[in-house]
Amino acid sequence: MKKLIELDINDRIYEVAIDARDLLIDVIRNKVGLTGSKKGCGDGDCGACTVLIDGKPELSCIKLAIASQGKKITTIEGLVQEGGQLHPIQQAYVDHGAVQCGFCTPGMILSSKALLDRNPDPTEHYIKHELSGNICRCTGYKRIIEAVEAAAKVWSKEGVQ
Amino acid sequence: MEKKVLKSKWNLTPEGWNLEGVPSSQDEKRYTQVGRSVPRIDGPIKVKGEAIYTGDMTLPGMVYGKIKRSTYAHAIIKKIDCCKALKLPGVLAVLTGDEAPNKWGIVPQAANETVLAVGKVRFYGEGVAAVAALDEETAEAALELIEVEYEPLPVLLDPFQSMERSQEVLIHEDSKGNIMHAGEQVYGDVDKAFAECEYVLEREFHTNYPQHGFLEPHSALASYDTQNGQLHLWASSQIPHYLHRQMSIVLEIPMNKIRVTLPTIGGGFGGKGEAAPSEFVACLLSRKVGRPVKVVYDRQEVFYTNKGRHPCHMKVKMGLDKDGYIQAVDFDNTLDKGAYSGWGIVVLFYTASMIHLPYKVPNARFRGRSVYTNKPSTGAMRGLGGVQPRWALECLMDEMAEMMGISPYELKLKNAIESGHTCINNMFVPHSEFKKCLETAVKKSGFLEKQGKLPFGKGIGMAGGYYITGTAYTLYQNYKPHTTVMIRVDTEGGVTLLCAAAEIGQGCNTVMAQMVAEELGIQYEDVHVQSGDTEIGAFDLGSFASRLTYAAGAAIKMACVEINQSLKETAAGMLGVRADQLVIKNHEIYSMYEIKKRISWEKAIEVYTSINGTLVGMGNFSPPRRKGIDIISGNRVQGANIGHSPTFGFSSQVHEVEVDVETGRIYVKKVTEAGDCGTPVNPMCVDGQVEGSIMFNIGACLYEDQKLDASGKHLNPNFHDYKTPTTMEMPEMDTNIVESYDHSAPFGVKETGEGAVQPTFPALTNAIYDAIGVRFYTLPITPEMVLKALKDKKEGEL
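As you go down the protein sequences, you meet chains A and B in turn.
Heads up: the first sequence begins at 1 in the working numbering, then just goes up one per residue.
Heads up: the second sequence begins at 1 in the working numbering, then just goes up one per residue.
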C-alpha cells in the first residue's frame, strides 16, 4: 500500500515511503524530521503549517504529500543563510520583538517571505492582507508587521534570494 | 513640564556613567541591564524553527496515546467494553477512568476532576477511555472499537436553569443546588450609603464564553522507567509545580519520583494553567506499557477540554454623591462554571476583589455563586476574574458620567486611587500611577475633543483597569516561598540561573537574565537560564496571576547578594581595600573611592572558585500577607485574601471605532493605551504584551464565543467557526509606558501581562455607544446585535 516518492525539500531530495492519504505536514514533521513546521489546527485555519511550494505559501496540513512531488518545497529550516546566518526576515522578527511563544512564527515568516518575493515594497495594508491567513494569539500582530516592513527595507537594499 | 527623556532610566547604557562616587547600591534606579529593549534570548532558535515543542519530540520506542470522548453532555456510563480494541494489532493498552480514580484539581480543597470520566460524564467531549498504540492511526482505529453504553441525563447548560432544576438533577452529588461555591463579602454599610447618594444606577451585564486559542495544542510525552519507578514528563504547561503535584496524587507515586520538564511552550494565556488529561493519560499509559507515550490533542480536543473564561451574569449597582464621588458598589455575580471546579473558587473571589480598585469605594457588597453546568469547564484566562467585572463597572461609570453631565474621564480621574491607598477590604496599594495612565491615554488620543462630537457611526470610548502583581497566596495557603532561584557561577559554566519558572512565550527567561545581569554587574547575554524543570530548577509556582517578574526579581536580588558578597570579599583581599567599599559594575569590581583599584569580574571568579569551587547563591520570595478583613468592623471576610498582592499594575485605554450601519460590523480603528507597569525590565517585551492583550480582548469582545447546541455539543470547536482576530482586524495601536517606579518592588517592577486586557471590553463598548448611541450589556457585540439595536432604536424614535 505504501508508495515510495521523492520530495524536494529545501533543495534536498528526500525519499519517503508514504500512504496516498498522508498529509504533507505529517510527512515533513514525522518522516523527514523537519519539525519547524507546526500543526496548530489540522484544518487549514491557523497557518502555522505554512510552507512554500514553488515559492507560494501553502497549508501543508490540508495538502497531500503525494501531490507535492516534483515541486520545490521550502520549510522554515530552508531559510537559514550560508554560515548559519539568519535570513533578513528572521533577523527582523528577532530585532522587532515579533516573536513571543514562537508557534506561529515559522508559518508567519514563510508567508512574509512569499509576500516580499511578490512585492518587495509592500504597503501596510498589503502586508496585513497577505498575513491574514496566519493566526498569532500572542503579539497582536503589530510587531510582526513592523518586522516585515523592516525586512522589506533590507530587501530593497541588498536584494535577497 | 516633566523632565524630558534624555536622561530617563529607560535609555541607559553601560557607557557614559560616572563610576566614581555613588555606589550603585545607593542609586537603585541606575540600571544598565534592566530597562533595555534587548531581543529575546529565545528569538533566534524560534525564527529558525529549531525550538523544540513537546509535539516535536520523539523518544526511542515511543508510542502514541489517544482519548475516546463522550458523545453526551450528561450521562451515566453503564458499560465500557474495550475487548475489540485490545484485539486490534498494534494496540498495547487501554485505560479507563476507574483505573485512576483519584481526583485532581488546581485548588486542593475543591479538586473534583478525574483523568477520565468515572461513572458519569458531565460535558460533551469528556474523556471516557484511552488507548496506547504503535502509531496514531491504529490508536484512532482502536478508539472506534471501544463501545460505551450511556444512560442520558438531563443536560443543564445555563447556570440559572442549573440552580432551578437541581432538585431534579445534580451534576456533582456533593454540590447541592448545583452550586460549586457561593460567597458574600460586605464592607461598610452599603444600604445606608446608597440611601444618601445623589446618583444611583443599576444594570445587568452578561459576558460570553471565549477560549484562549493558544496555537500549540496541549501535548504531553511521558516516559516511565519500570526498573526504578522514575517518571519523566515533558508537557506543554504553565505550571510545572502544580502539574507535578497533581501527577503525584493521581499516580500515587511520590513527587521525588516524578520530573516535569517544559520544552518550548506555544502560548498559554491561562489555558495551560491547570493539569490536563493529556498529561495524566500519557503518564498512566507509559506506566502501563513501559514505553514512552506521546499524547497530542487536535484542535477540537482543545476546544472540548480547555478551560476558557467564565461567562458571568452580573448585576452591578453604583452610587455617587452629588460631587460624583463613589459611595457604594453592590455587585452580584453568577458565574458559569462548566462541569468541573478547577480554578473556580479563586475566580469567584477575584471578581469580588475587582470592585475595590482602581477607584476609591468606601462601601462595597459582593454576592456571588459559581454554578455547575454541563459545558466544558471554565477556568483561568488572561485577566482571570478581572475582565468581566471591569467591563461592567467601567461601562456603568460611563453611563453615570452621562447622568451627571460630565466626561467619564473626569468621573474616573476624580475617583482614581493614588499611592498608599488602603481599600475597604484591606488591600493595600503601595504605589500607583493610575491617574497618569488616564491622563496619558486621554491626552494622546484627543478623547476630550472627540467624545460626543464625532459623526454618527464613529465613536470613542475610554476605560481604566488594574491587576494584581506577584500574588499573595499559594493555592495550599501555606507560607512556603513562591519562588526559589539558584544562581551558579564558575569559570566553566559562567552564570546560570536555575529556576522552575515557566517560559510560555511571555519572555520571562529574557527578563530574568536581564535582572540577574543587573544585580551581578554583567551583561544579560552572559546569563544562562535553566527554567521549567522541576528537577533542575529550584521551586517556582509557575506562570500565572502576573506574578513572575515580581517574584523572580525579588528572589534573584536575594541570591545575588550572596554572590556579590563573596566576590567582594575575594576582590577586597586582592586589591587591599574594604569589601564594603567595592562596586561591581560592567564586568569590573572597583573601589568606589579609589577607582584605579579595580580587577575584572572574571578574575575575581577565577580566584574565588580556585579556592572554594563553584559559587552558588540562593534566593527566595514569599509575598507579604495581608488579612482579608473589613477594615471598619475588623471582621475577617471569607475569600477576601484572594486578590491581595504586594503591588498592582494599572492601565487605561481609549478605543476609536467605526460602525458600518449597513452591515453592523464594528471596525476598531485606533487604540491608545497607557500602562503603569513599574519599571519595564524590557520595554519591547512590555509593548508586545500590551499589544497582544489588546488584540486578545478585542477578539473576545467582538467575535469569540463558544457555542453549544441544546444537547451540549460544541458547535464551533475549530478556528474556522470560532473567529479570532487576524491582521485585518488590527487597529492602529499607540501604547505608552508611563514613568513609574515602585519602591516596594524589586527593581520597581509590576505586572503587564494581564492588566492590559482589563480596559479593552469597556473602552470598546463605550466607544460603540459613542458611535451609535446604543449601550450593549451582552458580549460579544456582533453585527446582528448592532443591526437589531439600530432597528429598535429607529422604531423607538418614530
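If you're looking for bench data, these hints aren't it; they were derived computationally from the structure.
Please note that the accuracy of each hint is not assured.
[Said to hold, decoys possible] In the SDA-like style, the derived pairs of lysine to any residue whose C-alpha atoms are separated by at most 25 Å in a straight line are: (1) A:K128 with B:R665; (2) B:K480 with B:G405; (3) A:K128 with B:K458; (4) A:K31 with B:T663; (5) B:K87 with A:K128; (6) A:K3 with B:L88; (7) A:K56 with B:L88; (8) A:K128 with B:N718; (9) A:K2 with B:K458; (10) A:K153 with B:K458; (11) A:K63 with B:D734; (12) A:K63 with B:E137; (13) B:K458 with A:H125; (14) A:K31 with B:K480; (15) A:K153 with B:K707; (16) B:K707 with B:T663; (17) A:K128 with A:D19.
[Claimed, not checked] Using C-beta positions, here's what the derived DEER-type ranges look like: (18) A:G55 with B:I536: 41 to 49 Å; (19) A:H125 with B:L59: 25 to 33 Å; (20) B:E202 with A:Y126: 30 to 38 Å; (21) A:D117 with B:G446: 49 to 57 Å; (22) A:G55 with B:D98: 49 to 57 Å; (23) A:R118 with B:L59: 38 to 46 Å; (24) B:E149 with A:Y126: 55 to 63 Å; (25) A:Y126 with B:K788: 33 to 41 Å; (26) A:D43 with B:E99: 29 to 37 Å.
[Stated by the list, open to error] Taking beta-carbon pairs under 7 Å as the criterion, some of the chain A residues facing chain B (in silico): (27) N10; (28) G55; (29) T123.
Remember, it's a predicted structure, so these values are computed and weren't measured experimentally.
Each residue gets a CB set at the ideal place from its N, CA and C atoms; glycine is no exception.
*Regarding the pair K87 (chain B) and K128 (chain A), is the alpha-carbon distance no greater than 25 Å?*
Measuring from Cα to Cα gives roughly 52 Å; hence the hint is violated.
*Taking the beta carbons of G55 (chain A) and D98 (chain B), is their distance inside 49 to 57 Å?*
Taking Cβ atoms as reference, G55 (chain A) and D98 (chain B) lie about 55 Å apart, which means the hint holds.
*Is it true that the CA of K3 (chain A) sits at most 25 Å from the CA of L88 (chain B)?*
Roughly 24 Å separates the two Cα atoms, so the pair holds.
*Satisfaction of hint between T663 (chain B) and K31 (chain A), Cα-Cα up to 25 Å*: Roughly 48 Å between the alpha carbons, so the hint for K31 (chain A) and T663 (chain B) is violated.
_Please check whether G55 (chain A) passes as an interface residue: C-beta within 7 Å of a C-beta belonging to chain B._
18 Å, violated
*Quickly compare the C-alpha distance for K153 (chain A) and K458 (chain B) to 25 Å and report which way the hint goes.*
35 Å, violated
*Would you mind confirming whether the straight-line C-alpha gap from K128 (chain A) to R665 (chain B) stays at or under 25 Å?*
At roughly 19 Å apart (the allowed maximum being 25 Å), R665 (chain B) and K128 (chain A) satisfy the hint.
*Given the hinted pair K63 (chain A) and D734 (chain B), is their alpha-carbon gap at most 25 Å?*
39 Å, violated
_Straight-line alpha-carbon gap K2 (chain A) to K458 (chain B), limit 25 Å_ = With Cα atoms ~60 Å apart, K2 (chain A) and K458 (chain B) exceed 25 Å; violated.
*Satisfaction of hint between K480 (chain B) and K31 (chain A), Cα-Cα up to 25 Å*: 47 Å, violated
*Pairwise beta carbon distance, G55 (chain A) to I536 (chain B), judged against the given window 41 to 49 Å*: With a Cβ separation near 43 Å, G55 (chain A) and I536 (chain B) satisfy 41 to 49 Å, so the hint holds.
*Hey, K153 (chain A) versus K707 (chain B), does the alpha-carbon distance stay inside 25 Å?*
At roughly 44 Å apart (the allowed maximum being 25 Å), K707 (chain B) and K153 (chain A) break the hint.
In this structure, the hints that do not hold are numbers 2, 4, 5, 7, 9, 10, 11, 14, 15, 17, 19, 20, 21, 27, 28 and 29, in rising order.
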